[in-house]
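Trainee: Here's the letter readout for the chains.
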Amino acid sequence: MPALLEARSITKRFPGVTALREVSFDLRPGEIHALCGENGAGKSTLIKLLSGLHPHGSYEGELFLDGAPAQFGSIADAQRHGLAVIYQELALVDELSVAENLFLGCEHRRGALIDWDATWREARTLLARVGLDVAPDTPVSELGVGSRQLVEIAKALGKEARVLILDEPTAALAEREVATLLDLLREFRRRGIACIYVSHKLDEVFAIADRITVLRDGATITTLATPATSKSEVIRAMVGREITELFPRHAAHPGEIRLRVEDLSVAAERGGPARLHHVSFAVRAGEVLGVGGLMGAGRTELLMHLFGAWGVRLGGRVQLGGRPLAAASPAAALAAGLVLASEDRKRYGLILGESIGFNLSLSSITRLRRGALIDDEREAHANQGLFNSLRVKAPSLETVVGTLSGGNQQKVVLGKALMTGPRVVFLDEPTRGIDVGAKIEVYALINELTAQGKAVVLVSSELPELMGMSDRILMLHEGRIGGMFTRAEATPERLLAAAMGRTPAAA
Amino acid sequence: MKSKLTLRDFSLLLSLLAIGGFFAIAAPQFLSARNLSMLTVELAITATLALGMLLVILPGHIDLSVGSGVGLMGGIATVLIIHHGWPAWAAMAGSGLVALVLWMAMGALIIRQRIPAFIITLGGLLIFKGAFWLVIGSHTIPVVAGGSSNLYSLLTTFFLSPAASAVLVTLVFAGLVILNLRARRRRAALGFAVDDAEVAFLKLFVTAQGLLLFVLTVNQFRGIPLPVVILGTVALVIQVITRHTPFGRHLYAIGGNEEAAFVSGVPVPRTVIGAFTLLGGIVAVTGFMQTAYAGATTTTVGDSMELDAIAACVIGGTSLRGGRGTVLGVLFGALIMASLLNGMTLLAVAPEMKFIVRGVVLTLAVWMDVKLAKR
Numbered sequence: 001m002p003a004l005l006e007a008r009s010i011t012k013r014f015p016g017v018t019a020l021r022e023v024s025f026d027l028r029p030g031e032i033h034a035l036c037g038e039n040g041a042g043k044s045t046l047i048k049l050l051s052g053l054h055p056h057g058s059y060e061g062e063l064f065l066d067g068a069p070a071q072f073g074s075i076a077d078a079q080r081h082g083l084a085v086i087y088q089e090l091a092l093v094d095e096l097s098v099a100e101n102l103f104l105g106c107e108h109r110r111g112a113l114i115d116w117d118a119t120w121r122e123a124r125t126l127l128a129r130v131g132l133d134v135a136p137d138t139p140v141s142e143l144g145v146g147s148r149q150l151v152e153i154a155k156a157l158g159k160e161a162r163v164l165i166l167d168e169p170t171a172a173l174a175e176r177e178v179a180t181l182l183d184l185l186r187e188f189r190r191r192g193i194a195c196i197y198v199s200h201k202l203d204e205v206f207a208i209a210d211r212i213t214v215l216r217d218g219a220t221i222t223t224l225a226t227p228a229t230s231k232s233e234v235i236r237a238m239v240g241r242e243i244t245e246l247f248p249r250h251a252a253h254p255g256e257i258r259l260r261v262e263d264l265s266v267a268a269e270r271g272g273p274a275r276l277h278h279v280s281f282a283v284r285a286g287e288v289l290g291v292g293g294l295m296g297a298g299r300t301e302l303l304m305h306l307f308g309a310w311g312v313r314l315g316g317r318v319q320l321g322g323r324p325l326a327a328a329s330p331a332a333a334l335a336a337g338l339v340l341a342s343e344d345r346k347r348y349g350l351i352l353g354e355s356i357g358f359n360l361s362l363s364s365i366t367r368l369r370r371g372a373l374i375d376d377e378r379e380a381h382a383n384q385g386l387f388n389s390l391r392v393k394a395p396s397l398e399t400v401v402g403t404l405s406g407g408n409q410q411k412v413v414l415g416k417a418l419m420t421g422p423r424v425v426f427l428d429e430p431t432r433g434i435d436v437g438a439k440i441e442v443y444a445l446i447n448e449l450t451a452q453g454k455a456v457v458l459v460s461s462e463l464p465e466l467m468g469m470s471d472r473i474l475m476l477h478e479g480r481i482g483g484m485f486t487r488a489e490a491t492p493e494r495l496l497a498a499a500m501g502r503t504p505a506a507a
Numbered sequence: 001m002k003s004k005l006t007l008r009d010f011s012l013l014l015s016l017l018a019i020g021g022f023f024a025i026a027a028p029q030f031l032s033a034r035n036l037s038m039l040t041v042e043l044a045i046t047a048t049l050a051l052g053m054l055l056v057i058l059p060g061h062i063d064l065s066v067g068s069g070v071g072l073m074g075g076i077a078t079v080l081i082i083h084h085g086w087p088a089w090a091a092m093a094g095s096g097l098v099a100l101v102l103w104m105a106m107g108a109l110i111i112r113q114r115i116p117a118f119i120i121t122l123g124g125l126l127i128f129k130g131a132f133w134l135v136i137g138s139h140t141i142p143v144v145a146g147g148s149s150n151l152y153s154l155l156t157t158f159f160l161s162p163a164a165s166a167v168l169v170t171l172v173f174a175g176l177v178i179l180n181l182r183a184r185r186r187r188a189a190l191g192f193a194v195d196d197a198e199v200a201f202l203k204l205f206v207t208a209q210g211l212l213l214f215v216l217t218v219n220q221f222r223g224i225p226l227p228v229v230i231l232g233t234v235a236l237v238i239q240v241i242t243r244h245t246p247f248g249r250h251l252y253a254i255g256g257n258e259e260a261a262f263v264s265g266v267p268v269p270r271t272v273i274g275a276f277t278l279l280g281g282i283v284a285v286t287g288f289m290q291t292a293y294a295g296a297t298t299t300t301v302g303d304s305m306e307l308d309a310i311a312a313c314v315i316g317g318t319s320l321r322g323g324r325g326t327v328l329g330v331l332f333g334a335l336i337m338a339s340l341l342n343g344m345t346l347l348a349v350a351p352e353m354k355f356i357v358r359g360v361v362l363t364l365a366v367w368m369d370v371k372l373a374k375r
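Chains as they are written, first to last, in this note's numbering: chain P, 1 to 507; chain D, 1 to 375.
There's no promise every hint is true.
As the list claims (entries may be wrong) - In silico SDA-like links for lysine to any residue, alpha-carbon gap of 25 Å or less:
1) P:Lys346 <-> D:Arg187
2) P:Lys393 <-> D:Arg187
3) P:Lys439 <-> D:Pro269
4) P:Lys201 <-> D:Glu259
5) P:Lys393 <-> D:Leu154
6) D:Lys371 <-> P:Ala252
7) P:Lys346 <-> D:Gln209
8) P:Lys439 <-> P:Ala252
9) D:Lys371 <-> P:Leu404
Just so you know, the hints here were simulated from the structure itself, not pulled from any lab data.
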């Protein structure tokens, strides 16, 4: 049987990283094909490429549709060829009605005006096909997550999609909604609509997929027929490699407890549901606590909350150096000796239009004063010191941060954090999107921090990094502790199982 | 290391020379001592308000209410003096206090309740206008009883004597030279880029000529007008605040990326409220000057001044998205707006055309800045 959609030795590079390396993948007509891999394995990049978000010419290798070379120039172009993506963050306009959303961008018209009769009629047909029982004029804002997803799928059907690509479709769904969705996909399979199903949840994958392709480090590891494989084989393929010498974690000499979190529960907003449930842990001076978990497990939320930048505390106690720490504001956290280097450099980390020096001293500027005024000389010396010791590659401190490479931007983010003279350092994905050389420098820096007796909390999506650099590892699963492991206990299989909530917490 | 000068650095100066040159030819009285003295008073009023506006535009906000505020604050002070017999200083202090409270409240609403500044200050524009007319009973009230003078009326009628003017300008220039040399030495010691010696000398030389020309001209009339001294003081204070205090640094950071600033420990609400409060104080000072310049408070005082203030900021290279703008740029922007208005008045240009020309200049200036920035 010829492939409906095929990717042949695709390589996709971003500045500083190669996201996909010679990846091959094929989708047969009427097949549900699951795509599995750790965070950062390249699944999202592959999807973006298949759906035209990374247009032809931005990658090497070839795509084939029905055996003929396909060159999608844009998302609209891919949609015309029958490919539709349902993203994790749903792309619906809240203020518009279901019907308006269904035909957004390809409205039924009569002359220059919208043909409302045809719109309502067609909308009813499409909604019936996905089994969603709502009036077409319902505003999308009144629908729950599950219904919205069905609207998205109906929208794709309206565009005559032959291939549906679903990215973590069940991440936010309740169990009943998951069952509905899986039934719907099976129904589509009978009608010959093929589906690429990206998910972390192996139970679902095994319940629905015909074949499973595993990606790791941007490369295709294997493609397995579901009946002929097992969950443990898939997990092994996802984890793969040995922990290398890349991670020179020095032996730790943990001291007294610096940060203690007890029974912490947090909601995103007042009155909202809890996103973190009864989380407890402690970090000692000179120790690296790794925090892992799947996308949406609450890792970033945990750090951001402790730092005073996110959420409303529902319960629990937090102590920093023996004193209670309220989640008041980042300014208060900094004053207490806690600092956070954010995962999202461009959003939370840097003022991109300003200079390196401006950014480095931003968190410390109120302390670099003489009287009411900034002491220019002290500021310049402090900046220069970090600029040199972190080996930021730039012409001078006055270079605009936005022009630097990812690795150098990350160094500025870390430098800003270090200048505050913290006792506890939160590092959220400190090596995301930076090249290997810069990564090793970040690891050396972590060793240096703990040698100075600072406590480090390291959030990472990469298991090897987590296992290589942490003295202990906390795995989160859906806002709860999925497991706590010492360095000796941690194996990729155990960590991944804990992240998926498949085993009771060990140790 | 050297920093390069680009056309963009000079575009404001060139525009200003072009405008000045045009009016000098079209209306010879433009360059008369009397007219230039009056021009500096008008400039001082516009520029003071624009500098206040800079403080709230830097963190990415805006204030549409300052024009109405100018009228209201001038009106309150006038009514306190004329109808309630307060001494001028107390009346101005009282009115200033009201302004600080009002603007602090607007800042708090904007940042704590997350209501866009555009909306809150649009409300302010209407409310202050109505309050202004209530306060003055929609009448025209002189700032001082006929024939006499008080601290209030002196704001725009007092001139430093020619001798004092010459001394002041000399001191200012000496101060500039010393600060410049010191900053150069420090920057060089820290390995930062500094101008070539020739360029630095040239800049100071041009500044010296400008100051000399200014003082010689105003001394032919009555000396330096008090509003110019007030503007100089306000400009100095705002330059120090924006460039040399953590508060100023925070203004730029918030405008550049508010989320990153917050996570970096910048006290965002306090900083924004502080900026609005300072603006309130400047609105009051501008209100006193503008009302004194008009000689009386009347329903039209302050009309559309918010637009001139915003235009001066934008022409001077301030980004309305926040994070970019300088005191010097705003001063140039205000000078361009004030020269245009003054020159057109001399040429007896119809009011309709004045509006159109100002609009065209504003658009051209921003378009030019965008073009030059892309190079």
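Trainee: Now look at each hint and say whether the structure bears it out.
Mentor: Here is how each hint holds up against the structure:
1. P:Lys346 <-> D:Arg187: violated, 29 Å
2. P:Lys393 <-> D:Arg187: This hinted pair holds, its Cα atoms lying about 21 Å apart.
3. P:Lys439 <-> D:Pro269: Measuring from Cα to Cα gives roughly 36 Å; hence the hint is violated.
4. P:Lys201 <-> D:Glu259: violated, 33 Å
5. P:Lys393 <-> D:Leu154: violated, 58 Å
6. D:Lys371 <-> P:Ala252: With Cα atoms ~56 Å apart, Lys371 of chain D and Ala252 of chain P exceed 25 Å; violated.
7. P:Lys346 <-> D:Gln209: violated, 45 Å
8. P:Lys439 <-> P:Ala252: With Cα atoms ~20 Å apart, Lys439 of chain P and Ala252 of chain P stay inside 25 Å; holds.
9. D:Lys371 <-> P:Leu404: holds, 24 Å
The structure is inconsistent with the numbered hints 1, 3, 4, 5, 6 and 7, although it conforms to all the rest.
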